[in-house]
Structure formats: structure tokens, C-alpha cells
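A.B. asks: Listed here are the chains, written in short residue letters.
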Amino acid sequence: MINLSLKELSEGLKQKKFSSVELTQFFLNRLDLHNSSINAFITIDKDKSLAMAKHSDEIIKEGNQDYLTGIPIAQKDIFCAEGWKTSCGSKMLDNFIAPYDSTVISKFNAVGAVNLGKTNMDEFAMGSSNETSFYGNVKNPWDIKTVPGGSSGGSAAAVAGRLAPAATATDTGGSIRQPASLCGLTGLKPTYGLVSRYGMIAFASSLDQAGPMCHTAEDCAAMMNVMSGHDPKDSTSIQRAKENYLTGISDPIKGLKIGVPREFFSEGLDPEVEKIIEGGINEYKKLGAEIVEISLPNNHLSIPVYYVIAPAEASSNLSRYDGVRYGYRTKEYDDLMEMYCKTREEGFGEEVKRRIMIGTYVLSAGYYDAYYLKAQKIRRLISEDFKKAFENCDVILGPSAPSVAFPIGEKKEDPLKMYMQDVYTISTNLAGLPGLSMPAGLMNELPVGIQLIGNYFSEAKLLNIANIFQMNTDWHNLSPEEFK
Amino acid sequence: MEWEVVIGIETHTQLKTESKIFSGASTNFGSEPNAHACLVSLAYPGVLPVLNEEAVNCAIRFGLAVDARIAEHSIFARKNYFYPDLPKGYQISQFELPVVGEGSLTISLGDENKTIRILRAHLEEDAGKSVHGIEEGKSGIDLNRAGTPLLEIVTEPDMSSAEEAVAYAKKLHELVQWIGICDGNMQEGNFRCDVNVSVKKKGEKKLGTRREIKNLNSFKFIKQAVDYEVNWQIERLEDGGTIKQSTILFDPDSGETREMRSKEEANDYRYFPDPDLLPLVISQEKINTIKSEMYELPSQMKSKLVKEFGLSNYDADGITSNIDVANFFRELLSFKVSAKLATNWILTNLFSRLNESNIDIKNSPLKANKLAELILRIEDKTISNNAAKKVFDEIWDQDEKVDDVIEKLGLKQISNVNEVEDILNQVLQDNEAMVEEYKSGKDKAFNALIGKVMKASKGKANPGQVSQLLKDKLTD
Amino acid sequence: MKFDNDEIKKIAHLARININKNEADKVGEKLEGILGLIDQMTQVNTDGIEPMAHALDITQPLREDKVTEVDIRKKSLKLSNETHQSLFIVPRVIE
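So the protein lines, in turn, are chains P, H and R. Positions 1 to 484 (this note's numbering) are the ones given, in order, by the first sequence. Positions 1 to 476 (this note's numbering) are the ones given, in order, by the second sequence. Positions 1 to 95 (this note's numbering) are the ones given, in order, by the third sequence.
Each hint should be verified, as a subset may be incorrect.
What the hints assert, rightly or not - To spell it out: a stretch of chain R is covered by chain P in this simulated footprint if at least three of its residues, at any positions, have a beta carbon under 8 Å from a beta carbon of chain P; those stretches are: (1) 29 to 40; (2) 45 to 57; (3) 68 to 79; (4) 84 to 93.
To be verified - In silico PhoX-like cross-links for lysine-lysine, where the CA-CA straight-line distance does not exceed 20 Å: (5) H:Lys340 x H:Lys370; (6) H:Lys114 x H:Lys171; (7) P:Lys48 x R:Lys75; (8) P:Lys412 x R:Lys30; (9) R:Lys10 x H:Lys79; (10) R:Lys26 x P:Lys342; (11) R:Lys78 x P:Lys91; (12) R:Lys26 x P:Lys417; (13) P:Lys85 x R:Lys74.
Quick caveat, the hints were computed from the structure, so don't treat them as lab data. Note that the Cβ used here is the ideal one computed from N, Cα and C, for glycine as well.
Whenever a hint applies, use it, and build me the whole structure from the sequences.
C.D. replies: Here it is, written out as C-alpha cells:
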């Protein structure tokens, strides 16, 4: 069962080769065996998962099976799931049992998918290595001395280690694509507004977007069929007819115009990674695509802009964690001010506090125009670069991350180095565009990802382009040795 | 030294909606603490705001009522500060682009009118409440009110006395109820004023430093607080002191103002556009629809009453003093009662009776349809005005038909001329001395004779008819 | 951009985060590093550029004015650290 695609699992359930309870139990056993070595999950609740599986078996018995009915899915601990601890990787929410379901969770529940558990993540999704989690760092199944990337490191490690068939993740500056790249997976960050943010704990509201993390583009398409769709509970959710992402997934891509931004191949990119990306480009040429050089001249500004906008929004979004209504409250305090300041000192980790401070600073009186407003203006410039680029190509291709998985601890004490991990991914979040990462090779036995960036709402196209690649290559089928 | 007072007012009006501004929780007052604290009110991780259409409609109605520009495009912003009754750690409000732009409101000061400029009005959410005295050193937080829609209405500093401030507050209070956007309940805090007060030397152009008196929820307190504050500022300045810009509270028990301790530190609210809410776009079409559904405004109704119905300024003010009175009046008119009689009956008999029993006109036991029946009996000369007052008292809170009461009390006027003439002749015969007095030029005797006739008819004769007949007889 | 102790104290207070005195220098150093990164923005001419607050050019949807939420005190009060008769309890709020 370990290597089956979502489609194969779905068919297996349909043909009664195994039940959802058996399938769920199988993966729970894998968790028993392997989770302690990679720390991919924060919460595992076997009784709850098995109860859901039992219910799914009923649905299947009644003949109402959907594509994902009965299939266990790992859920990033950023999604509120009623009755489940939902910590967002933070001590602040270590005691928080979510009182409601996020829309993403509701949608999985509605089709009878099984919640396999809540995956580890960087605290409040702030990080690129999964080292900021209150629950300890996650290890990359490809080499447990290296990081899985972040912030969706738990989801990435869980799927890469085949502890879960598929997982949900979120991406504010690259948090789906970079860990997908570092763990040899296919991950999609959809267009902003395509997947509801309701119940997904906010980091930077104007950038956050949820998406799937799977082995293949086809699996991602099946996940997207469940996750996407308009939600009246999220004002920023887009009103748009629901698509079936599986329909055109195998359409030929002959004549496809792939734009390669020269800025993505400059200083900072590991030459070995660059070679692998070139290999991917050649593969697409063979498949009949046309390659054109394009330019995203303001891409280098995306990191500075991001580190104004994201912390600014985060500083405000995280003000609700004050120890009054839920979550952590410091044990000793003499007055209200002390309760606030100590609760937040003790409840948040270093990186989160750092970003709250930066965000507070850039919004404060006298600095707003120079930082926040300026960043919003450059955000538009970055977004317009893409608009121009898409006049000359159908899709943009480049690396997902500048390097392969790096050793745990290597960048932890140097935020600036860490921030460079997202140099190729952040601009799409700023523009609100969809981006996908898929495995395209190995460097020193570690996976390298190719990133595809599409125009707004071109998810179906991106998945199609990735799927054609995967039909002709084998990188997505590789697994780390100890987890086979 | 002569001083000038400069006053501007920010009013928080709670909008009359069923649900909160950004969630589907009830806005009902008086429930158990936190019974209406839904997921959004509690600011749970991951919840998001969705704007209530009715709150927007209320803002549009207000904008139209003060002749303001309704912003085609407005923005919600976050005002960041920590307070236990503010669950998100920020209040969603409007900062740079409010929904309602510049407008104006005209207040009456005796015989004079003054126009107060409205600077802006913006939508925002209310905070919860801190409850004190539960346990020593602790406060309780009730979030039922958190997220209730407010329209904050901000004036230019156009008022120059406590009287003007009160006149403005009253006028605004009347208007927001008139257009149905606020229930006006001040005890429950649904209409609260922050009053900015400063003083400057007479003739000085530059404004003085202002102090803001927070949360005044009665007209009396506005008057007292402003009077106290003005004296305080003038005394301080005359003693050579300076005024520090600050936020102050009025204590109704002592009648004094004091600085708020929690606001001592300089605030830096770090406003920025709320990424969870998109630009609010209001189409001209929507504005037109709302406009077409709106009642005429008090000022429009007043000028109509004066011009078309010939009411005095004073009476027209009385009828348009609030929406319930106006509605009662409108209903009377719908039964084809004359405007003048309707006005007289509302402003005199009905008002004094309502005042006596301390009842609101909305809850008057005598409904407009029944009062209309009574007034129509005066108009068709079935009964006299005096007789009608007797009927009014009888039917006030009794379920009796007007005509039955007239019958029962025998108040129907005698309209048969012969019958009246018979009575008249008898009276003239019995009072020859009076007739002589009249003929010798004493006009008073004429009225005395009418009185005799009325008495003899037991009040059933029509005084006008008697007067005419008597005149005819005496000039024969 | 220099981040001195007073500045850190001011920001930490606005953010309601207690900062240990011994760590203030280290925190300041890291914040300065990040601000240095951010300061790259100053080189860009942004005259006449409209700020971009949202990724998509769409407008605010409106919700019908209907009560859809119920009393959830059974859940909400349990999640709090301190409650008393349906109220969330905090150290005394001074007005």
C-alpha cells in the first residue's frame, strides 16, 4: 500500500481489496514505526482516525464513494479541526483544542477522507527549515541530518517518508514549494483566493494560501478537487465555477511556451541544482515545448518586500494571542500588562517574536510610509513583472529553492541566510499567482525541485504540465532508502 | 479676558442590525455574558470577518441624510492596540477612506439655525465590556458587544458652547432614529459621544489644545461635562498653566472630569488596511435604491408642513421632533384628517396625556385610527371641540367606539335650525336686560348670551351656528 | 538603521512582548540585520505607483444580516485559563 497513488488507493477501496480501517491502520503502524525518527507529526489520535475510517467504510458500503473517501490524509497543524489539538507549532496554542473545523478540514470530512493526524510545522508557519517548531525540528527522510524545509516540513516529511499518502500544506512565501523541493515531492500553491483561508491559522493574510503536498501532480489534482472552491466565510475567497483538475491532466503540451527568467539563475543558485533544472528544461524541449527567456527584473526585491508585508500582517494577526480567552497564559503576573508581556514572551519562539517586532516597527508612526507603503508599491512592480512575462509565455520555469536540503542547525542562527531559501518562491505569493514544485533530479542523493509558475487560476494547466513531465520521468517515484 | 469655546463631537451610533458587523452572532442586548460571543467575536485562530450588508446600508442612509458624498470605494483598516475587551488585539475600523464623506447637519438654537459640518462617518466594530467588582483585583470580560456595528460620526469643530453641543447631539440622535439606523437607546450605550473641547482667546485664529471627554451617554452629561471642562481649561490658562492633549472621563457623581489612566501612554495604533477585507465598493445604483426607499427627512417634512399645510414653525418642529410622532401624524392624515387639527390634537391633548402616564407615543393606548375617527366627528360638526375632549378621555384606554361614546354621553350637536332657534328665542325672552346691554354697545353681553344658549342646549348646540343666528336676530 | 535599546523597548512594549535585558543586544543585532535587508527597497523609485494591498482585484462581498451563530459558551469557557460565571477573568482593567 505504501507506494500506491491516491487513484490506486481509491480503486483498492472500491474493489474491497482493503477497507479504510485497514488502510488507516496500516499508516498508523507506519507512524508508530517511523514518526519518532523524523518528528513529522505533532498530534496522532488513533481512535479518532479509526473512527473516521469506520465511518468512511460505511460511506463506501452505501456506494457513495468519492475519490478521497476512506483515504488517510495528513493535515498540517495550521488547520483547525474540531476536537483536535491545533497548535500551529507553537507553545502558545499547545493547549488549544480547536472548537471548530476550518473549511479545508470540512471539505475533507465531507468527502469522507480520514484525518491521519496533524503535522509538524514551523511556529505559525514562520520558517524555512522546520526548526522553529515548539515540538522540535522535523527531519528530512532523505537524510535525517538535514532539514525538510518549511514551514510545511512535517507534511513534506510525512509524505516523503510514506507515512501518509498525501498531506495538506500552506504557503506564504514558499512553505509548500520549498519543502516539496527538499523532500522530493509535488506541491502546489494555488492562486490566492482559490482555497478558503477560513480556519487556517493566519500568518500573513494577504499571502497565505493552502495547497496539497503529494507524490505526483495527479494526486495534487485529486486533492485540489476537494480543497478548492468559493467559501462565503472568507471574504478573499474567489467566486468562480469549480474546476475538475483531473480532466485535462494528460493533455498534450506540444507548443507550450515556457519562460525561463534569467534572474532565477544568478548568484546564490547552487551550480549542481542549476544543472538539474537545465535537465528539466531539456526534457520539456523533448516533449515539444518552446523555451523563451524572460525577465522578472524586480524579483530580487521580493525578499525585502516580503519581510515588511508578512511581518506587518503577522504582528497584527498574532495580537489575539494574549492569554485571555484561550491558549497559553503565563503562570505568575501582578497586573494585566505583565500578564500580556510575559505570556507573549514565553508563548512565542524567537523567530515569531522577531517577526512581530519587525512588523510592529514597520507599521509604527513615522515608519509606515518608508516601509509598509513602499513595500506595497514595490509589490505592485513585482506583480506587473509577471503580467509582462505572461505576455510572452504560458508558464514560467525555474528552481524552487537555491539548494538541496541543508544540515539541521546550519542556518538557524542566521535569519538572513534562512530567508534566502525563499528567493524563487516569494514573488508568486506577492503577486498571488499559482506555483508548483516537482522533483527533477537528485544531487548528492538529495532531491531537487523544479518550480512552475502559472498565470492566475492556471492550476489545471500547471498540473497538466507537471503530469506530462512525470509521465516521462521517474524522479517522483523515488523514495528515501529507510522509508521504502 | 474673553474666551471662545471650540467643540467637535465624535458619536458612536450602534447600528440597528440583527447580527454583528463581521459575523452572524446576535446583537441582542441583555443576554448572559458571552452568550453572543461566537467564533469570530472570540477571535479564535483562523476565523475571518465577512461584512454585514445592512451595516453598509445604514451608513449609506446616514450619508444621504446629511447630504454627504458616499464613497464609491472605501477601505477597512486595523487599529492595533491591546485591551482585554478587544479580542483580536485590533479593532476593524475605517481610517483613510471612510464610507461617508463630508456632509452637514443644521441645528436650531431658539430662532436661529446653525450648520454643523460633518467631516466623515465610518463603519467600525464595537469592543466588548470589562466587568468590575467580581473578585478583588480582577475584571471579567464579556464579549457580547464585541463586533456590534457602529457608525462613528465625526464633526468639524463647529460648536462653540455646551448648548450647541447638546443641540447637535439631540438633532443627530433624532436623525439616526428617524432614518432607522439606530434605536437611540442611550442608557444601553447605543448612542455615545466623545466631545473634544478646547478654548482660545477671543479673536485668536489658532485652535487651543483639546481634551477629549470620552463616552458621554446622556445630553445632561454632555452639558455638565462641557461646562465643567470649559471652566477648568479657562481657569488653568488664566492661572498661567497649559493644556495637555489628553483623553478624559466625566464622573456624573462629582460632576468633574479626570484623565484616563489607561490612555496616559502615547498611542501608536499602527493603522493598516485589513488584508482580510477587500475594498468596499458601493454602486450609484445601490445608493439610488436606498434613497428611493428612504422616508423624507425631518427637515424636508418640516418645510412641507409649513408650506403646504400652513403649520407654524413651532408646530412643525413638534411634529418632526421624532420619527414616532411623525409617523403618528402621517397615520392620522391617512384617514383624511386635516393637518391643523391633527397637529393640535397630537401636540396638546395626546402629548399631555402621554406625559401624564409617561408613555411613549409608539405605545399610546389610543391608536391613530381611533383618534382620527374622533377628529373627523369634530370636522363633520357632530360634536364640538370641547365635547371631543370628553370623548377623548373616555376612549383613551377603553375599547369603545367613538360614536357609541358620543351617543352614551349625549354629546351630539343639535344641527336642526328650528330647534336651535326655539332655544335661542326662549333665552332672548328670559334675558331682555342682556339684550339691551348689547344694543347699548356692550359686546361682552353677546358672548354671555351664547353661553346661555349653549347651557340651555346642554352643550349640544353648535357654537358657530348659535353665534350666527344670534347675530341675525339682534340686528333684525 | 540602528536599533538601540530604547527603540527595542518601545517596540517590545507596543507588541506586548517582554524582552529579557540580557537578550536585548542580541535581539537588536538581528533586527538590524533584517532592517538592512529591507532597506534595499529605498533604492527603488516608486513615484506614482499605486500600493498593492491585495493579490486580486476583487471587491468586498456582503453578508445577509441574519443571525447564524449560536451560544457556544460550553466550548468557549472551557478553553480559557480563568473564567467566572461566563466571564473571562483577567487582572483588573484600569480605565
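A.B. asks: With a Cβ-Cβ cutoff of 8 Å, does the segment 84 to 93 of chain R contain at least three residues near chain P?
C.D. replies: Answer holds; 5 residues pass the 8 Å Cβ test.
A.B. asks: Holds or violated: Lys26 (chain R) and Lys342 (chain P), Cα atoms, limit 20 Å.
C.D. replies: OK: Lys26 (chain R) and Lys342 (chain P) at ~19 Å, within 20 Å.
A.B. asks: Just to be careful, I want the Cα atoms of Lys412 (chain P) and Lys30 (chain R) compared with a cutoff of 20 Å; is the pair within it?
C.D. replies: holds, 12 Å
A.B. asks: Count the residues of the segment 68 to 79 of chain R with a beta-carbon closer than 8 Å to any beta-carbon of chain P: does the count reach three?
C.D. replies: holds (count 4)
A.B. asks: Quickly compare the C-alpha distance for Lys340 (chain H) and Lys370 (chain H) to 20 Å and report which way the hint goes.
C.D. replies: With a Cα-Cα distance of about 17 Å, the restraint between Lys340 (chain H) and Lys370 (chain H) holds, given a limit of 20 Å.
A.B. asks: Holds or violated: are the alpha carbons of Lys10 (chain R) and Lys79 (chain H) at most 20 Å from each other?
C.D. replies: Roughly 18 Å separates the two Cα atoms, so the pair holds.
A.B. asks: State whether the coverage of the segment 45 to 57 of chain R by chain P holds or is violated, taking the criterion as 3 or more residues with Cβ-Cβ distances under 8 Å.
C.D. replies: It holds: at least three residues are needed, and the segment 45 to 57 of chain R offers 9 whose Cβ sits within less than 8 Å of chain P.
A.B. asks: Does Lys74 (chain R) sit within 20 Å of Lys85 (chain P), going by the straight-line distance between their CA atoms?
C.D. replies: At roughly 17 Å apart (the allowed maximum being 20 Å), Lys74 (chain R) and Lys85 (chain P) satisfy the hint.
A.B. asks: Does Lys114 (chain H) pair with Lys171 (chain H) here, judged by a C-alpha cut-off of 20 Å?
C.D. replies: holds, 12 Å
A.B. asks: Can the restraint linking Lys48 (chain P) and Lys75 (chain R) be considered satisfied, given a maximum Cα separation of 20 Å?
C.D. replies: Roughly 19 Å separates the two Cα atoms, so the pair holds.
A.B. asks: Within 20 Å, alpha carbon to alpha carbon, are Lys78 (chain R) and Lys91 (chain P)?
C.D. replies: At roughly 18 Å apart (the allowed maximum being 20 Å), Lys91 (chain P) and Lys78 (chain R) satisfy the hint.
A.B. asks: Are there three or more residues in the segment 29 to 40 of chain R whose C-beta lies within less than 8 Å of some C-beta in chain P?
C.D. replies: holds (count 9)
Of the numbered hints given earlier, the model fails none.
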